[in-house]
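Trainee: The chain contents come next:
There are 2 protein chains.
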Amino acid sequence: MKTVVTISELRSARLELAEPVGLVPTMGYLHEGHLSLAKRAREECASVVATIFINPTQFAPEEDLDSYPRDLDKDLALLEEVGVDLVWMPTPEVMYPENYQTWVTVDELTHVLEGTSRPTHFQGVTTVVAKLFNGVLPQKTYFGQKDAQQVVVIQRMLQDLNFPIEIVVCPIVREPDGLAMSSRNYYLNPEQRQAATVLYRALTAAKEAFEAGEQQAEKLRAIVTNKVNAESLAELEYISCAHPETLIELEGAIEGALLSMAVCVGKTRLIDNIFVGK
Amino acid sequence: MKTVVTISELRSARLELAEPVGLVPTMGYLHEGHLSLAKRAREECASVVATIFINPTQFAPEEDLDSYPRDLDKDLALLEEVGVDLVWMPTPEVMYPENYQTWVTVDELTHVLEGTSRPTHFQGVTTVVAKLFNGVLPQKTYFGQKDAQQVVVIQRMLQDLNFPIEIVVCPIVREPDGLAMSSRNYYLNPEQRQAATVLYRALTAAKEAFEAGEQQAEKLRAIVTNKVNAESLAELEYISCAHPETLIELEGAIEGALLSMAVCVGKTRLIDNIFVGK
Chain A
0 MKTVVTISEL RSARLELAEP VGLVPTMGYL HEGHLSLAKR AREECASVVA
50 TIFINPTQFA PEEDLDSYPR DLDKDLALLE EVGVDLVWMP TPEVMYPENY
100 QTWVTVDELT HVLEGTSRPT HFQGVTTVVA KLFNGVLPQK TYFGQKDAQQ
150 VVVIQRMLQD LNFPIEIVVC PIVREPDGLA MSSRNYYLNP EQRQAATVLY
200 RALTAAKEAF EAGEQQAEKL RAIVTNKVNA ESLAELEYIS CAHPETLIEL
250 EGAIEGALLS MAVCVGKTRL IDNIFVGK
Chain B
0 MKTVVTISEL RSARLELAEP VGLVPTMGYL HEGHLSLAKR AREECASVVA
50 TIFINPTQFA PEEDLDSYPR DLDKDLALLE EVGVDLVWMP TPEVMYPENY
100 QTWVTVDELT HVLEGTSRPT HFQGVTTVVA KLFNGVLPQK TYFGQKDAQQ
150 VVVIQRMLQD LNFPIEIVVC PIVREPDGLA MSSRNYYLNP EQRQAATVLY
200 RALTAAKEAF EAGEQQAEKL RAIVTNKVNA ESLAELEYIS CAHPETLIEL
250 EGAIEGALLS MAVCVGKTRL IDNIFVGK
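Same order as they appear, the protein sequences are chains A and B.
To convert, note that position 182 of the first sequence is 181 in numbering that gives the first Met the number 0; the numbers rise steadily by one, no gaps.
To convert, note that position 124 of the second sequence is 123 in numbering that gives the first Met the number 0; the numbers rise steadily by one, no gaps.
Hints are supplied without guarantee of correctness; some may be wrong.
[Stated by the list, open to error] Derived contacts from chain A toward chain B, CB cut-off under 8 angstroms, selection only: (1) Val103; (2) Lys130; (3) Arg155.
Keep in mind the hints are simulated off the structure, nothing from the lab.
Glycine included, each C-beta is placed from N, C-alpha and C at the ideal position.
The following block holds chain A by itself, in its conformation from the complex (with noise of 0.2 angstroms):
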């Protein structure tokens, strides 16, 4: 396996890299999710690159991105083991040198959910992304269901600006006790660990519901809403029933929808989805 920097080590060590290529982008801390992905890129291409980069533009000043949690060693040797071909490692000074100035940008599908109380983190991540992808130059990339609302919109950026590249969803990756696999879950101390798991609980008791036969939106927020304000250690920012492709919020009765939410345990702010019927 081997590991680049600057772009023109990552352009000399593209040209060496059998078609097609799987691009695999993280900000590192990895867990399973993300090698779960590296693994599927492994399956369906000739070669495999994954990105570790802690993307300083997709977080606003008051978040995390000096405590957001590093252990480059072990990521390295996790993405070895998993058979990655090529790592590349930006510095910030690599992606945003002097004199950087330009933005991507996706309207409508960022000023919902995450967007309302993130209003700058996705034009950080669409344009990181682009980066990353003019970068690797990969015939597919591999995001994870995790981040529902980033898939959405990067499916959006990828088909509005003809990206040749096909986008791999992969489901989320969940413990044992459901809670869905994150590097923030690091900053949970054991009883919020404990606590955290009403994400999980809250989306699966709407799910039930409305296979049981529940169809209107708004019961299905509230099932969640319910849930979550029975664990009083967790804070709902958010909770969402919502059309999968266009995030606009549904009403009445719905024939299938993504649930997704954001809920606070201590400082801790986590977010997971599930999706109910077609």
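Fit chain B to the supplied structure of chain A, relying on the hints for placement.
Mentor: Quick look at chain B alone, frame taken from chain A:
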């Protein structure tokens, strides 16, 4: 010479092209300036792709989108004559389908000069050019120095977003009397056409003054202003004496600069530019 409209037609046709591919983006109504780009691409690349697309998003509502001149049959004949291999002529619906919502923006460089009177123009340009790049996937792309700020902005976008594409900037092609070739010259009546020569006359006067020892940026701008004011049919919108890469306006003694200007002749807005010094 092949012509295509949709993205999927383009993708298929692109697979047949020998590498490297040179891209010449145009809005049609081709003149010798455009053809100089295509000829240069023909010399330097195994395959040449031209695009013809009057990009609605780079026109403000009050601008000349509807009246912009068109002559597709002639354009195709000219491109065939210079040896272009493939012409992509997307419709507005191909480029901006329903739910389109992704934009590429370059910040500081687009807030001056043309950006002052055309605040949405460059977002339209950078977005469509990013789409053309991702559609055609060229190794080189050819732009005219006539649109000096556009060249600087596109270079910035290419570098910032890691596009693996080299930009080749071709000199301004002028009529025998010095008027820079432009599809918009078509709008000029004979009297206006004569008055329009003032742009190049004014820039040349400033360049000659610089070469004769006048180094003050303010004086060079004044020379251009006075020349244009002496032409009753012409109204100066701006004259800039700026750093060629940052486009920051210069003051005092200079070693070199990009002199650029916009002038209205009747309702027709014309631009021109010249380099002085190093």
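Trainee: Confirm or reject each hint.
Mentor: Hints, one by one, checked against the model:
no. : hint   : in the structure
1   : Val103 : holds (5 angstroms)
2   : Lys130 : holds (5 angstroms)
3   : Arg155 : holds (6 angstroms)
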